[in-house]
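Each chain is listed here by its residues.
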Amino acid sequence: MSEIPWLSILTFLPTVVAVGLWFVNDEDPEVVASNVRGGALLASLATLAIAFGLWTGYGIFNHFDPATHEFQFVEHREWFGEGGFAYHMGIDGISLFFVVLSAFLTPLCILASWTAIKTRVKEYMIAFLVLETMMIGMFCALDVVLFYVFFEGVLVPMFLIIGVWGGPRRVYAAFKFFLYTLLGSVLMLLAIIAMYYQAGTTDIPTLMAFEFARDMQIWMWLAFFASFAVKVPMWPVHTWLPDAHVEAPTAGSVILAGVLLKMGGYGFLRFSVPMMPEASAYFTPFVYGLSVVAVIYTSLVALAQTDMKKLIAYSSVAHMAFVTVGIFAMNEQAVAGAIFQMLSHGVVSSALFLIVGVVYDRMHSRDIAAYGGLVHRMPKYAAVFMLFMLASVGLPGTSGFVGELLVMVGAFRANTWVAALIATGMVLGAAYMLYLYRRVIFGPLVKEELKSILDLDRREMLVFAPLIVAVLWMGIFPMTFLGPIEASVTNLIGNYEAALAAAGVGADPSVLAAR
Amino acid sequence: MLTLIVFLPLLGAALAGLFGRFLGDSASQAITCGLLIVSALLSWIVFFDVAVMGNLADPVDLATWMRVGSFDFEWMLRADQLTAVMLIVVTTVSAVVHVYSVGYMHHDPSKPRFFSYLSLFTFFMLMLVTSDNLIQLFFGWEGVGLCSYLLIGFWYDRPSANAAAIKAFIVNRVGDFGFALGIFATYVLFDSIRFDEIFSAVPDRADATLKFLSWEAPAITTICLLLFIGAMGKSAQILLHTWLPDAMEGPTPVSALIHAATMVTAGVFMVARLSPIFEYSEVALAVVTVVGAATAFITATIGLTQNDIKRVVAYSTCSQLGYMFFAAGVSAYSAGIFHLMTHGFFKALLFLGAGSVIHAMSDEQDMRNMGGLRKKIPVTYWFMWIGSLALMGIGIPGLPIGFAGFFSKDIILEAAYGAHSWVGMFAFWAGILAAFMTALYSARLMFLTFHGAPRCDEETFAHAHESPKVMLLPLVVLVLGSIFAGGLGYSYFVGGGMEAFWGESIVVLEGHNTIEAAHHVPFWVKALPLVVAALGIFVAWVMYIQWPALAAILARALRPLYLLSYNKWYFDEIYDALFLRPAFYLGRGLWKSGDGAVIDGVGPDGLADLTQRISRRASALQSGYVYHYAFAMLIGVVLFITAYLYVQVG
Numbered sequence: 004m005s006e007i008p009w010l011s012i013l014t015f016l017p018t019v020v021a022v023g024l025w026f027v028n029d030e031d032p033e034v035v036a037s038n039v040r041g042g043a044l045l046a047s048l049a050t051l052a053i054a055f056g057l058w059t060g061y062g063i064f065n066h067f068d069p070a071t072h073e074f075q076f077v078e079h080r081e082w083f084g085e086g087g088f089a090y091h092m093g094i095d096g097i098s099l100f101f102v103v104l105s106a107f108l109t110p111l112c113i114l115a116s117w118t119a120i121k122t123r124v125k126e127y128m129i130a131f132l133v134l135e136t137m138m139i140g141m142f143c144a145l146d147v148v149l150f151y152v153f154f155e156g157v158l159v160p161m162f163l164i165i166g167v168w169g170g171p172r173r174v175y176a177a178f179k180f181f182l183y184t185l186l187g188s189v190l191m192l193l194a195i196i197a198m199y200y201q202a203g204t205t206d207i208p209t210l211m212a213f214e215f216a217r218d219m220q221i222w223m224w225l226a227f228f229a230s231f232a233v234k235v236p237m238w239p240v241h242t243w244l245p246d247a248h249v250e251a252p253t254a255g256s257v258i259l260a261g262v263l264l265k266m267g268g269y270g271f272l273r274f275s276v277p278m279m280p281e282a283s284a285y286f287t288p289f290v291y292g293l294s295v296v297a298v299i300y301t302s303l304v305a306l307a308q309t310d311m312k313k314l315i316a317y318s319s320v321a322h323m324a325f326v327t328v329g330i331f332a333m334n335e336q337a338v339a340g341a342i343f344q345m346l347s348h349g350v351v352s353s354a355l356f357l358i359v360g361v362v363y364d365r366m367h368s369r370d371i372a373a374y375g376g377l378v379h380r381m382p383k384y385a386a387v388f389m390l391f392m393l394a395s396v397g398l399p400g401t402s403g404f405v406g407e408l409l410v411m412v413g414a415f416r417a418n419t420w421v422a423a424l425i426a427t428g429m430v431l432g433a434a435y436m437l438y439l440y441r442r443v444i445f446g447p448l449v450k451e452e453l454k455s456i457l458d459l460d461r462r463e464m465l466v467f468a469p470l471i472v473a474v475l476w477m478g479i480f481p482m483t484f485l486g487p488i489e490a491s492v493t494n495l496i497g498n499y500e501a502a503l504a505a506a507g508v509g510a511d512p513s514v515l516a517a518r
Numbered sequence: 065m066l067t068l069i070v071f072l073p074l075l076g077a078a079l080a081g082l083f084g085r086f087l088g089d090s091a092s093q094a095i096t097c098g099l100l101i102v103s104a105l106l107s108w109i110v111f112f113d114v115a116v117m118g119n120l121a122d123p124v125d126l127a128t129w130m131r132v133g134s135f136d137f138e139w140m141l142r143a144d145q146l147t148a149v150m151l152i153v154v155t156t157v158s159a160v161v162h163v164y165s166v167g168y169m170h171h172d173p174s175k176p177r178f179f180s181y182l183s184l185f186t187f188f189m190l191m192l193v194t195s196d197n198l199i200q201l202f203f204g205w206e207g208v209g210l211c212s213y214l215l216i217g218f219w220y221d222r223p224s225a226n227a228a229a230i231k232a233f234i235v236n237r238v239g240d241f242g243f244a245l246g247i248f249a250t251y252v253l254f255d256s257i258r259f260d261e262i263f264s265a266v267p268d269r270a271d272a273t274l275k276f277l278s279w280e281a282p283a284i285t286t287i288c289l290l291l292f293i294g295a296m297g298k299s300a301q302i303l304l305h306t307w308l309p310d311a312m313e314g315p316t317p318v319s320a321l322i323h324a325a326t327m328v329t330a331g332v333f334m335v336a337r338l339s340p341i342f343e344y345s346e347v348a349l350a351v352v353t354v355v356g357a358a359t360a361f362i363t364a365t366i367g368l369t370q371n372d373i374k375r376v377v378a379y380s381t382c383s384q385l386g387y388m389f390f391a392a393g394v395s396a397y398s399a400g401i402f403h404l405m406t407h408g409f410f411k412a413l414l415f416l417g418a419g420s421v422i423h424a425m426s427d428e429q430d431m432r433n434m435g436g437l438r439k440k441i442p443v444t445y446w447f448m449w450i451g452s453l454a455l456m457g458i459g460i461p462g463l464p465i466g467f468a469g470f471f472s473k474d475i476i477l478e479a480a481y482g483a484h485s486w487v488g489m490f491a492f493w494a495g496i497l498a499a500f501m502t503a504l505y506s507a508r509l510m511f512l513t514f515h516g517a518p519r520c521d522e523e524t525f526a527h528a529h530e531s532p533k534v535m536l537l538p539l540v541v542l543v544l545g546s547i548f549a550g551g552l553g554y555s556y557f558v559g560g561g562m563e564a565f566w567g568e569s570i571v572v573l574e575g576h577n578t579i580e581a582a583h584h585v586p587f588w589v590k591a592l593p594l595v596v597a598a599l600g601i602f603v604a605w606v607m608y609i610q611w612p613a614l615a616a617i618l619a620r621a622l623r624p625l626y627l628l629s630y631n632k633w634y635f636d637e638i639y640d641a642l643f644l645r646p647a648f649y650l651g652r653g654l655w656k657s658g659d660g661a662v663i664d665g666v667g668p669d670g671l672a673d674l675t676q677r678i679s680r681r682a683s684a685l686q687s688g689y690v691y692h693y694a695f696a697m698l699i700g701v702v703l704f705i706t707a708y709l710y711v712q713v714g
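Protein chains in written order, with the working numbering: chain A, 4 to 518; chain B, 65 to 714.
By construction, these hints were calculated from the structure, which means they are not laboratory data.
Every residue, glycine too, gets a C-beta built ideally from N, C-alpha and C.
Possibly wrong hints are sitting among the right ones.
Examples of chain A residues toward chain B, derived with CB under 7 Å [said to hold, decoys possible]:
id : residue
1  : A119
2  : T122
3  : R123
4  : A226
5  : A229
6  : T242
7  : A307
8  : E335
9  : V412
10 : F415
11 : A434
12 : V449
13 : L453
14 : M482
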């Protein structure tokens, strides 16, 4: 237990600064804009420093202990209601890196929006800082009600970012996003209320230990699934994603792909699996089915795209399907792989959206056909794009490989059909990414308007540099991340199997018949 | 020392790749070439130490890569005898190619990039051969695939180069799909993916079964076949071979290094490396043999009619890789690796020689536009003949005199015969036919290119010139290898010194000892390859020198066969119709009708539409006319009373 409420500081620092930024005023809007940008960047960097400190322990913090699966940095205060809705925060190996990821991506987003956003800069930066609070708070929350508040709270700034600073069809995109999310949220809220009536508490660690009746589990599982599946997004509730990405400003896409999609996967790991183990086992084939369809279906769809952002959005759906397979394959490699895959996807797809953003800022087109031969004018850009394309394809030595490999190994242990079918993603993923890269980067430079396009400038290199380091480090030394994850994952699986054994449901049979 | 061998090329690649612009062209070239030569020299030291002297060093543990449960392995470098052989092949050919490229790429504007890729490739290849577990092998495997992709597409302005690059990567990925599943199955069966742990556990698990897809399959066979799919992709075996000829779009030194001497042999290396597993599956070995033999035969038939000088050599590479595989399939792994080594020398020589021709002809690759170059580029001419004779396997049966390919190819054919199994016999006769065709197309290449009257325009012919020393001198290394590597290596690789040489790096079960049997085959088996090779040269001489019209007449007389060969057995067309077009068609269909019409139509768009329609109806009701409202009320009252009566009565 730490004396200083680090998680609260981490969570609310950005919002506190955002409130402060509200009062920045000047005659000249340029002065306001530049002050606000600087302030927002500093705030997000400070948050990042704290997050890193909590993880590694350098500096003045008592650091995260990778050996235990217990929640750490726990804060517990009564909030309201006699039943004990509490302000309960804490992180374990599962949530740690999502917090770090959120804190890592926000400063990059602010930096990436430095010149791209010209109108209402103050409001934009405030929205981003509030968004950061919501994201971090969601991953730290250990009370279901608190979790729900943050979970839904994330949507508000996101709606604004898409709706105010988005593209021409932003209203349609926002409405689609809203319809899907609404459905999930309502059902999840019902399930949360039902949980409270059954267990008499909203405390997550207590609920994890509580044994719900099997029928109850199944209804609750479906209700939570409705919400998380939309977020992941799983096929067939994925169609909001391409539209939302296309209309969102670059930084909005980064957060959307980088963090928002992880809320679904995180939800499965935090709620569905530990609280409803029997239902999870019951629905595993269902999840496998949807995920396998997603990998093949969306990869094929990605192949046919003509819009860069849509292509990457569809590839996200395919990559996140690996995550859902991993979570429900329920063995050490698969779950650790699923978490790693989410982190990797958070870095890689964010980088890919930033890469699209670079040329969008210059040419104001996302149409693949509008480009071609960029390598002639933009060698640095071509190299950076190449690296992240390879990471997306899952080349060994990049982060993408580690996640996919672990998920597939785990899936193979659970079900060889699933492993074989999602492994087709290796081939299809390579096809659509290489095809995209070829059309944008290679070939002769013939288009008149591209002949004066400029290569990455210093600010853009500054945005990409940390992502490059991250993607290679995660690929070559993944133990940095797999180590702290391990204890929590082992515990999660142990509890899951114990619950199944207690319920008389056999744990997943090994693929191996006889040795 | 091993660490230096592996990481010096990476250092070179990083320096040239990241700082090439500051270093300039010549500094980048000097750095990468210098580092590779050092690496090659060190490799020879390791080779003598490990393979000849038999001093096995401890593996070098670099770092933990992954440890999740029992899925646990390190970044590790290990050199046993098999690795040592691969080390010298890879680094020597790579060093030669680096130096040669200084001359060949003289006019190219992006030299640092080229040399960086070459060195990076060498690094990945070295990681592949020094691996001590399957995943690091896979790391090298994918890495060389990446470099191959980058180098095939090196001239990125050419659409054909880009297409070939993507094709190479994706076809390889299809193979890797099998490879990856094989790795997973290995892990499930052995609870480890480290070579030494797997190998020691194989005998105990020989009869295990594995539930794979819907079958209860014999585990070892499943693993071997899945891994072999990977090898087929990388080594361009039949069905997955289509990328290799297209890969000739890359600069010629690349073809020599990657698509002849090193990367494409990775599949053969993998099978040899995993010989302790393959030995326990008769089925898998039979499949390897048949696929290898079929490849050797089919690709040789295609090589007969191609007109692009590099494509002929490329199909010849496919064919020779087929030999190596069926050698492995009949448990003559050491013969396969022996051929891998000699082939590395003479095929690199042929490619670089072809590069020299292309260089001389101002980038002309079509043999129909060559001819008569013998006088113009005599050194290249003689070098090419040496490479061709080595490829044909010319030598004197029964005596240790001959070109490198003679020793290695003959031992393979003899081992196939000595296997005394039906697959062995199939491989033997396919190999003999392929040997005939090998001689035929090699001689055809030589005659069309160098003999006869020049068929190019005068300006090009006048301009034709011998390559500079920086291109010819490195070839001397390969010439020496093509002449002597066979005779010198014979007793170590496949002769009396074999067991001491290979140690435990290659495992052959009792009863599979085909190399031993190969030494006792009848004389006609030993002599037949030479006879058919001589026949092949003779036929080529008749067809292309003595009576040049004959080729066209034959092509007309045997038109279906000619077309089949000329169109490469229509593999590309079939794949295009079977996979490529359906994938795009499906993609577009799923997007427009799946996502658009069905999911959105029923989901959000449909819901919105429905809401709008209902509300329009609802608002239509509010017409403002009193009699409308009165009428509605009346209906309501009637319904109400009816319902009430029903309830009362019922």
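Item checked: chain B contact restraint on L453/A - CB to CB distance below 7 Å -> 14 Å, violated
Checklist line | When the least beta-carbon distance from F415/A to chain B is tested against 7 Å, hint result | finding: 4 Å, holds
Checklist line | Interface hint for T122/A, Cβ within 7 Å of any Cβ on chain B | finding: Violated: closest Cβ of chain B sits about 29 Å from T122/A, beyond 7 Å.
Notebook entry, point to check: Would the hint on A307/A stand, with a C-beta cut-off of 7 Å toward chain B?
Noted result: 4 Å, holds
Notebook entry, point to check: If you take the shortest Cβ to Cβ gap from A229/A to chain B, is it below 7 Å?
Noted result: Check failed: Cβ of A229/A comes no nearer than 13 Å to chain B, outside 7 Å.
Notebook entry, point to check: Can M482/A be said to touch chain B, with a Cβ gap under 7 Å?
Noted result: Hint holds; M482/A Cβ to chain B Cβ min 5 Å, cut 7 Å.
Item checked: Cut-off 7 Å, beta-carbon criterion: hint that V412/A touches chain B -> Status holds, d = 5 Å.
Checklist line | Restraint outcome when E335/A is required to lie within 7 Å of chain B by C-beta distance | finding: 4 Å, holds
Check: Hint check: is the beta carbon of A434/A less than 7 Å from a beta carbon of chain B?
Finding: 6 Å, holds
Notebook entry, point to check: Do the numbers back the hint for T242/A, that is, is its least Cβ distance to chain B under 7 Å?
Noted result: At 5 Å from the nearest chain B Cβ, T242/A passes the 7 Å test, so the hint holds.
Check: Holds or violated: is the Cβ of V449/A closer than 7 Å to a Cβ in chain B?
Finding: 10 Å, violated
Check: Can R123/A be said to touch chain B, with a Cβ gap under 7 Å?
Finding: 28 Å, violated
Going down the numbered hints, you'll see the structure goes against 1, 2, 3, 4, 5, 12 and 13, while the others check out.
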